[in-house]
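> Residues per chain are reported as follows:
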Amino acid sequence: MTAVRTGLGLLLALAVYFAVAMEAVIGGRTLMPHAPAVVLIVATWFLPTTPAVVMAAAIGLGCDAVGTGLLGPGVIAAVTAAVIGSTLRHRWQLESLLAVILFGMGVGLTLIAGPIVAGSLLPTGGEEIPGLQIEVARATSSAMAALGITLLARLGASTKRLTTAAWNA
Amino acid sequence: MTRRLDTPAWTIAAIVIAAGGVLCCAPANVHQRLRGVLLDVLAPGLKSVAAVRDRKTATPVQSQADVETGRRLRDELKHTQALLRQQQVESARLRDELKQLQDEKPRPFLGEPGLPLFAPDLLTARVLDSPARDEIERTIVTLSEGSSARVALAEWVLGDDGVTIDHGRDANVAPDQPVLAGRSVFGRVASTGRFTSRVQHVSDPAFRAHAKLIRRTGDKTVAGAEGLLVGAGEGRCRLELIPATEPVEPGDLVITAATIPGIDEALFLGQVETADLGPAASHWKITVAPAIAVDEGSELQVVRVGLHPARSGDEPKTATKPAEGLR
Numbered sequence: 001m002t003a004v005r006t007g008l009g010l011l012l013a014l015a016v017y018f019a020v021a022m023e024a025v026i027g028g029r030t031l032m033p034h035a036p037a038v039v040l041i042v043a044t045w046f047l048p049t050t051p052a053v054v055m056a057a058a059i060g061l062g063c064d065a066v067g068t069g070l071l072g073p074g075v076i077a078a079v080t081a082a083v084i085g086s087t088l089r090h091r092w093q094l095e096s097l098l099a100v101i102l103f104g105m106g107v108g109l110t111l112i113a114g115p116i117v118a119g120s121l122l123p124t125g126g127e128e129i130p131g132l133q134i135e136v137a138r139a140t141s142s143a144m145a146a147l148g149i150t151l152l153a154r155l156g157a158s159t160k161r162l163t164t165a166a167w168n169a
Numbered sequence: 001m002t003r004r005l006d007t008p009a010w011t012i013a014a015i016v017i018a019a020g021g022v023l024c025c026a027p028a029n030v031h032q033r034l035r036g037v038l039l040d041v042l043a044p045g046l047k048s049v050a051a052v053r054d055r056k057t058a059t060p061v062q063s064q065a066d067v068e069t070g071r072r073l074r075d076e077l078k079h080t081q082a083l084l085r086q087q088q089v090e091s092a093r094l095r096d097e098l099k100q101l102q103d104e105k106p107r108p109f110l111g112e113p114g115l116p117l118f119a120p121d122l123l124t125a126r127v128l129d130s131p132a133r134d135e136i137e138r139t140i141v142t143l144s145e146g147s148s149a150r151v152a153l154a155e156w157v158l159g160d161d162g163v164t165i166d167h168g169r170d171a172n173v174a175p176d177q178p179v180l181a182g183r184s185v186f187g188r189v190a191s192t193g194r195f196t197s198r199v200q201h202v203s204d205p206a207f208r209a210h211a212k213l214i215r216r217t218g219d220k221t222v223a224g225a226e227g228l229l230v231g232a233g234e235g236r237c238r239l240e241l242i243p244a245t246e247p248v249e250p251g252d253l254v255i256t257a258a259t260i261p262g263i264d265e266a267l268f269l270g271q272v273e274t275a276d277l278g279p280a281a282s283h284w285k286i287t288v289a290p291a292i293a294v295d296e297g298s299e300l301q302v303v304r305v306g307l308h309p310a311r312s313g314d315e316p317k318t319a320t321k322p323a324e325g326l327r
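Protein sequence lines correspond, in order, to chains X and B.
The opening position of the first sequence corresponds to residue 1 in my numbering, with each subsequent residue numbered one higher.
The opening position of the second sequence corresponds to residue 1 in my numbering, with each subsequent residue numbered one higher.
No lab work stands behind these hints, which were simulated from the structure alone.
Treat each hint with caution, since some may be false.
What the simulated footprint calls covered on chain X by chain B, stretch by stretch (three residues with Cβ under 8 Å from a Cβ of chain B suffice, anywhere in the stretch; the number is not a length) [what the hints assert, rightly or not]:
(1) 77-84
(2) 157-166
Residues on chain X that point at chain B, a partial pick, calculated with CB under 8 Å [unchecked claim]:
(3) Leu-71
(4) Ala-113
(5) Ile-116
Just so you know, even glycine gets a beta-carbon here, dropped at the ideal spot from N, CA and C.
Please model the complete structure; the sequences and the hints are all you need to start from.
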């Protein structure tokens, strides 16, 4: 069990690492899903709150590092999104696909657009929020990508259950 | 069934959020140092993703021969344009010298020029996080359905006027070192990590450089007024402090006015795109298109300036050749 957990932890760390690298290299200027946001949504949806918060902190710091602004707003946005999202998901037992999309949109928007909106509210920030529509579009595409991963996971679980049942029968 | 509040998770979250807040308020040098460390940690991932991207963008759509011919023609065109600019700048310099000589008496004794104190050393670095051209075009095409979205895209696509390169302090790269692409100025090193550095493009709003205009009058090229090149964001620059009395027109070249130590020649900064003079204005409003766009450079040269090897006594006192690509 410990080996499985260690493997899963390593896999998640790798996912965070390469998601941030992907965002730095090929993201940022396209409508592609925001890879760190997708990892954050999936982690928050499937993991308990504590590991999700730790992953969110790493994702937020990575996003801040590859960006051009201050270090910190991404950490705050990602951890806030993860802790609130994960708590609500567990408390209300959210399981439907609509919940995945709405949850993903919320987490994605908080992570992607949150630091920009917060930056614009600061005394030194500008009055306009540049590219907010793109941020919303990327949050949507990230939520859709996370939905796709969730569907694949469910499909895998169903197939495994059916195969086991057929094998036992 | 409801679940109890996950206290450890909320405690960790509160600590991390507080740490994020502290980080936000930390001084700029702390941010710079920490960002350098984080980018160094991310460097292997960035390089591997960049390699995958490059392989993807090099997928043959046309035949290999077409691609090779296109690449060769593009290189030839760039080379010819660079030569033309070099000749124009040289012509303007010679014209200035001739005028100066005509104004002054010839010198009684002619001395032999000695070796310069500084010699440039060019380090070629690979760009890690510049977007591929096709991705930008695809995004523009996708968003061209809504005009408001298109405006937002323009801000976003070109708003981040900087790139990360794969050399840092380990290769003696230091902040403020000039970054070139051929004979053109790409920008300057903004911050360095151990293995990576952040480069500020000339269009970055924080970029400033002392610049000079080169005008074409008929078949002559003459040196024009000097001003301050300021990054304007969105892939453009402004040339400021050019008096309204000076002639300026679109197409004029913009070159560096102050030479980089070790490189005694002017380097190309860009070309005047628009030049407007408002009623009763004392200075021109000049927009400049940078020589190299932020997404154009896949390999850049960082200029590291050191003592001339022949002057420092490490080598015999023979005139060493300057770094390739500069002359």
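> Against chain B, run the beta carbon of Ala-113 (chain X) and see if the smallest gap drops under 8 Å.
Since the shortest Cβ distance to chain B is 12 Å, the answer is violated.
> Grab the minimum C-beta distance from Ile-116 (chain X) to chain B and call the hint holds if it beats 8 Å, violated otherwise.
10 Å, violated
> For the stretch 157-166 of chain X, does the count of residues with a C-beta closer than 8 Å to a C-beta of chain B reach 3?
violated (count 0)
> Count the residues of the stretch 77-84 of chain X with a beta-carbon closer than 8 Å to any beta-carbon of chain B: does the count reach three?
holds (count 4)
> Using the nearest Cβ pair, does Leu-71 (chain X) come within less than 8 Å of chain B?
5 Å, holds
Checked against the numbered hints given earlier, the structure breaks hints 2, 4, 5 and satisfies all the rest.
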